[in-house]
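Taken in sequence, the protein lines are chains B and S.
FYI, in the UniProt record's numbering the residues of the first sequence are 1 to 414.
FYI, in the UniProt record's numbering the residues of the second sequence are 1 to 414.
Hints are computed from structural coordinates only; laboratory data are not their basis.
Because the structure is a prediction, the values reported are computed rather than measured.
Glycine included, every Cβ here is placed at the ideal spot set by N, Cα and C.
Don't take each hint at face value.
Stated by the list, open to error - As a list, the in silico DSBU-like pairs of lysine-lysine whose alpha-carbon atoms are at most 30 Å apart:
hint	chain 1	residue 1	chain 2	residue 2
1	S	Lys45	S	Lys299
2	S	Lys299	B	Lys117
3	S	Lys299	B	Lys45
4	B	Lys299	S	Lys117
Unchecked claim - Which stretches of chain S does chain B cover? Using the computed rule of at least three CB atoms under 8 Å from a CB of chain B, they are:
hint	segment
5	10-22
6	394-403
To be verified - If we take Cβ atoms under 8 Å as the criterion, some of the chain S residues that face chain B in the derived model are:
hint	residue
7	Gly44
8	Asp48
9	Leu176
10	Leu181
11	Gly387
Number of protein chains: 2
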Amino acid sequence: MSVVKLEECREQIRTELDNVVDFWLKYSHDTVHGGFFTCIGRDGKVYDELKYVWLQGRQVWMYCRLYRTMDRFRKPEILEAAKAGGAFLRKFARVSSGGSGPWKCAFCLTRDGKAVKIQRTIFSECFYIMAMDELSRVTGDKDILPIPTLSHIYSDCLASMMQQLIYWVREDSSDLGRPQLSGDVPTNSMAVPMMLLCLVQQLSEGRGQEVVQKYRELGSWCVQQTLQHIQRDGTAILENVSLEGAELPGCQGRLQNPGHALEAGWFLLQFSAERGDEELQRTAIEKFVELPYQYGWDKEHGGLFYFLDVDGHCPTQLEWSMKLWWPHCEALIAFLMAYSQTKRPELLERFSQVYEYIFSHFPDAKSGEWFGYLTQEGKVALDFKGGPFKGFFHVPRCLYMCERILDDLLTNKD
Amino acid sequence: MSVVKLEECREQIRTELDNVVDFWLKYSHDTVHGGFFTCIGRDGKVYDELKYVWLQGRQVWMYCRLYRTMDRFRKPEILEAAKAGGAFLRKFARVSSGGSGPWKCAFCLTRDGKAVKIQRTIFSECFYIMAMDELSRVTGDKDILPIPTLSHIYSDCLASMMQQLIYWVREDSSDLGRPQLSGDVPTNSMAVPMMLLCLVQQLSEGRGQEVVQKYRELGSWCVQQTLQHIQRDGTAILENVSLEGAELPGCQGRLQNPGHALEAGWFLLQFSAERGDEELQRTAIEKFVELPYQYGWDKEHGGLFYFLDVDGHCPTQLEWSMKLWWPHCEALIAFLMAYSQTKRPELLERFSQVYEYIFSHFPDAKSGEWFGYLTQEGKVALDFKGGPFKGFFHVPRCLYMCERILDDLLTNKD
Numbered sequence: 001m002s003v004v005k006l007e008e009c010r011e012q013i014r015t016e017l018d019n020v021v022d023f024w025l026k027y028s029h030d031t032v033h034g035g036f037f038t039c040i041g042r043d044g045k046v047y048d049e050l051k052y053v054w055l056q057g058r059q060v061w062m063y064c065r066l067y068r069t070m071d072r073f074r075k076p077e078i079l080e081a082a083k084a085g086g087a088f089l090r091k092f093a094r095v096s097s098g099g100s101g102p103w104k105c106a107f108c109l110t111r112d113g114k115a116v117k118i119q120r121t122i123f124s125e126c127f128y129i130m131a132m133d134e135l136s137r138v139t140g141d142k143d144i145l146p147i148p149t150l151s152h153i154y155s156d157c158l159a160s161m162m163q164q165l166i167y168w169v170r171e172d173s174s175d176l177g178r179p180q181l182s183g184d185v186p187t188n189s190m191a192v193p194m195m196l197l198c199l200v201q202q203l204s205e206g207r208g209q210e211v212v213q214k215y216r217e218l219g220s221w222c223v224q225q226t227l228q229h230i231q232r233d234g235t236a237i238l239e240n241v242s243l244e245g246a247e248l249p250g251c252q253g254r255l256q257n258p259g260h261a262l263e264a265g266w267f268l269l270q271f272s273a274e275r276g277d278e279e280l281q282r283t284a285i286e287k288f289v290e291l292p293y294q295y296g297w298d299k300e301h302g303g304l305f306y307f308l309d310v311d312g313h314c315p316t317q318l319e320w321s322m323k324l325w326w327p328h329c330e331a332l333i334a335f336l337m338a339y340s341q342t343k344r345p346e347l348l349e350r351f352s353q354v355y356e357y358i359f360s361h362f363p364d365a366k367s368g369e370w371f372g373y374l375t376q377e378g379k380v381a382l383d384f385k386g387g388p389f390k391g392f393f394h395v396p397r398c399l400y401m402c403e404r405i406l407d408d409l410l411t412n413k414d
Numbered sequence: 001m002s003v004v005k006l007e008e009c010r011e012q013i014r015t016e017l018d019n020v021v022d023f024w025l026k027y028s029h030d031t032v033h034g035g036f037f038t039c040i041g042r043d044g045k046v047y048d049e050l051k052y053v054w055l056q057g058r059q060v061w062m063y064c065r066l067y068r069t070m071d072r073f074r075k076p077e078i079l080e081a082a083k084a085g086g087a088f089l090r091k092f093a094r095v096s097s098g099g100s101g102p103w104k105c106a107f108c109l110t111r112d113g114k115a116v117k118i119q120r121t122i123f124s125e126c127f128y129i130m131a132m133d134e135l136s137r138v139t140g141d142k143d144i145l146p147i148p149t150l151s152h153i154y155s156d157c158l159a160s161m162m163q164q165l166i167y168w169v170r171e172d173s174s175d176l177g178r179p180q181l182s183g184d185v186p187t188n189s190m191a192v193p194m195m196l197l198c199l200v201q202q203l204s205e206g207r208g209q210e211v212v213q214k215y216r217e218l219g220s221w222c223v224q225q226t227l228q229h230i231q232r233d234g235t236a237i238l239e240n241v242s243l244e245g246a247e248l249p250g251c252q253g254r255l256q257n258p259g260h261a262l263e264a265g266w267f268l269l270q271f272s273a274e275r276g277d278e279e280l281q282r283t284a285i286e287k288f289v290e291l292p293y294q295y296g297w298d299k300e301h302g303g304l305f306y307f308l309d310v311d312g313h314c315p316t317q318l319e320w321s322m323k324l325w326w327p328h329c330e331a332l333i334a335f336l337m338a339y340s341q342t343k344r345p346e347l348l349e350r351f352s353q354v355y356e357y358i359f360s361h362f363p364d365a366k367s368g369e370w371f372g373y374l375t376q377e378g379k380v381a382l383d384f385k386g387g388p389f390k391g392f393f394h395v396p397r398c399l400y401m402c403e404r405i406l407d408d409l410l411t412n413k414d
C-alpha cells in the first residue's frame, strides 16, 4: 500500500468521522429530558425512547475525547452535549440495589430517567466511570464536574466506584445479584479483564505517579487474565476459560468471538507500547491480531464471523454468521496499530482488506452513518443506525483511532 | 385439497413422527446420569452436555403423551425414558432460591444435575408441572409417581406449585428476583397467559369435576389476557401490552411474533371447542390464525418471519428475519385445526402452503430430524438438531397434533 493510498484512506476516514459526528449531533440529543436517544432509525428518526446506559456513557466519553484531542471538534456544541449527557447519567444512572448494598448502574432508563433494567454484570458501571473520567478531563467547571485531581470529592467518588468494581471482579461478585449455584463454575470471561484494562488506561493516562502506581498492578493482572485466553497450544483465542486458565467444557468453553479478540489485540498493543514490552507486543500481534483474522475471516463472502466454535461445531448463537459493524471496527484499528508499531507490510495488507470490506458494506450513502448488522452474504439485515447495543462509539472510536495513527504514520514516514 | 392429498399428508406426517421419535430415542438419552441431552448436532452427536430444564420437561411430557394416546408408541422403552427423565427432574430441577422463599426450577443443569442458571421467569416451573402431570397419567407405580388424584401427596405437590405460579402471575412476582424498578412497567406478555392456559388444559383434561371447577376461572382469565393482545382496532396481535390491555410505547409495545400468535390461535381453538364458545372460535381464527399469517408470511421468500414491528420499523432482534422451525409447526397445527372445526377451504389452502414450506425446508434427509434455523432466504443457518431452545417438543407435538386431526378428518369425512 503506497503513501498516496494511505493519504486517501486518511481523507476518507476524516470525512467519515465528520459525517458520523454530525449524524449523532443532529439526531440523538434529547433537549427535553437530557441524555441521548440511542434507538435511531435509518433516516435519523427515533424509533424508541429508551436510553441505554452503556451507550449514554460511551457517547459522553467519545464526545469528550474528540473535544479534548482533536482541534476540529473543540466546539461548544460538543462540550455542551457531553456535559448534558454526563448530568443525565449522574442524575439517573445510579440505582440503589436495595438494602445496604452498593449502588449499581441501571442498564436501561426511560426517556425521563426511570430505571427499567439492571444487569447482573459490571459493564454499565464501567462505561459510567469511563464517561465521567473523560468528562472530568475537559471541564474545569466545578459546579458541573470538578477538576481532575484524586483528592477532589468527585474523583474520590469515581475512585471508590472503581474499587467496588475491582472487588466484584477479583474478590466477590455475589452483590451483583446472581445466586451462587453449584453448577455455575466461576469463569474468566474475556470481556471483564479487557474492560478493566481499558479503564486502567483511561484513569492512568497523563495522571500523576500516585494514580499510575495505584493501577499498575491491576493493569498487569488484566493483561495476564487476557493472555489466559490463548488456548489449544496457542492456536486459538477462546472467550471463556476457567479462573485457572483452563479450557471449559461445552459450547461456552469452545466459543470464539474474532472481533473481540482483535479488540483485545489493540488494547494489548497500546499497553505494550506504554510499558515498552516487546514480548507482549509480539504475542498481541501473533495471537490476538493475526490469529483471529485467520480463523474469523469468511473466505467465501468476506467479513468477520460474529461467533465460531473452535471445534467447528455450529455455534448456538442465532447470529453467529452475521457480519457486525463493530468487529470490523476493531479489526481496522488492530491491523493499523500493529502495522504502525512494526511496519510489517502484510499487516497493512490486512488493514487494506478490512478497509475495503467496511467501506463497501457498512456506510449508508443515502442517510449517513453505518449499518450495523449484515447477513453472512453482506446484505443489510437490520437497517437502523442506533439500537440497544449500537450507539455513538465503535464507529467514531475506530475512525478517530485510525485517523490519529495515520496522522502519525504520514507525518513520520521514512 | 383432495382427500387423496390429505391421506398423503397423513402418511408423510406419520412416517416423519416415527423418524423423529427414533432420533431422540437413539441420541438423547443419558444412561449414566439420567435425563436427556438436548444439545445434539446434525448427525446425532452430543456437542454440549448441559441439560436445559424446559427441554427435559417437554421431552418427558411428549414421551408420555405419545405413550398414553397413540397405540404404536405404547412401548416400554418410551415409558422407561419418560420415567427416567421425570426422576432426573424431580431429583435436580428444583433449587432453593435461598432463605425462606419458595422453590424455583433451574433453567439449566450440568450433566450430573448441578444447577447452572435460574431464570427470573415462570417457564421452567411450567414445563416441570406439565411433565409431571402427564407422567402421573401414565404410571400407576406409586413408588415412582402416585396415581393421579388430587388428594394424593404428589399431586398435592404439583397443585401447590401451580398455586405458587398463579400467585407469581396474578398477585406478586417479586419472589422471582427481579428488582422492582420505577421504569419497569408491569406487562402482559402473551407467553404468560398462553402458558398458563396450556397448563389449565393439561391439569383439567379428563379429571373430575372438582379439578375442572378449580381451574375454570383461571382458564377464562387466561383467555381474556390473551385476547387483550388484539390491538390497533383488531388489525394486529402485539406480544406485549399493559396490564390494562393498552399498547405499550417503543419496540416492546410494537413487537409481533407471528408464530407465537398462531400458537395462541390453536390454544384458543381448543378451548373454544371444549366450552362450545363459537364467538371465541371466530375470534381465534380471524385474529390469531388468519391475521398473523397475513402480516407474518414473507411474500418474497416464503416462510414466517420470527419478529416484526407493527409500524414497519426494523426489529432490534438480530434474528428477526430468520425462519425458525417452531412458528411453522404452530402454523401447521393452527390452520389444520381451524379447518377441521370450520371446513372452510381457504384454511386448508393455507395449511397446504405451510406444509409445502416445511417439508421442502426443515427436514434433514441425510440424518433425520429437522433443522431449526434458516436464513430469510431459506438456507440452513444453524445445523444442529437440538440446542438450548430446540428439543423433543415442537416438531413431534406438531406431527402428533396434525396426525390426530387428520385421523379425525379422514374418518369422519363427508
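Here is what the structure says about each hint:
The hinted pair formed by Lys45 of chain S and Lys299 of chain S fails the criterion: a straight-line CA distance of about 36 Å is larger than 30 Å. Pair hint Lys299 of chain S plus Lys117 of chain B does not hold up; C-alpha atoms about 37 Å apart against a cutoff of 30 Å. For the hint linking Lys299 of chain S to Lys45 of chain B, the alpha-carbon distance of about 27 Å falls within 30 Å, and the restraint holds. Straight-line distance between C-alpha atoms of Lys299 of chain B and Lys117 of chain S comes to about 37 Å, which puts the hinted pair past the 30 Å bound.
As drawn, the segment 10-22 of chain S meets chain B at 0 residues by the rule of a beta-carbon pair under 8 Å; below three, the given contact is violated. Under a criterion of three residues with beta carbons nearer than 8 Å to beta carbons of chain B, the stated coverage of the segment 394-403 of chain S fails, only 0 such residues being counted. Given the 8 Å rule on beta carbons, the hint for Gly44 of chain S is violated: about 13 Å separates it from the nearest Cβ of chain B. The beta carbon of Asp48 of chain S comes within 4 Å of a beta carbon in chain B, closer than 8 Å, and the hint placing it at the interface holds.
Checking Leu176 of chain S against chain B: minimum C-beta separation of about 12 Å lies over 8 Å; hint violated. Nearest Cβ of chain B to the Cβ of Leu181 of chain S: about 4 Å, under the 8 Å cut. The hint holds. The criterion of a C-beta within 8 Å of any C-beta in chain B is met by Gly387 of chain S, whose closest approach is roughly 5 Å, and the hint holds.
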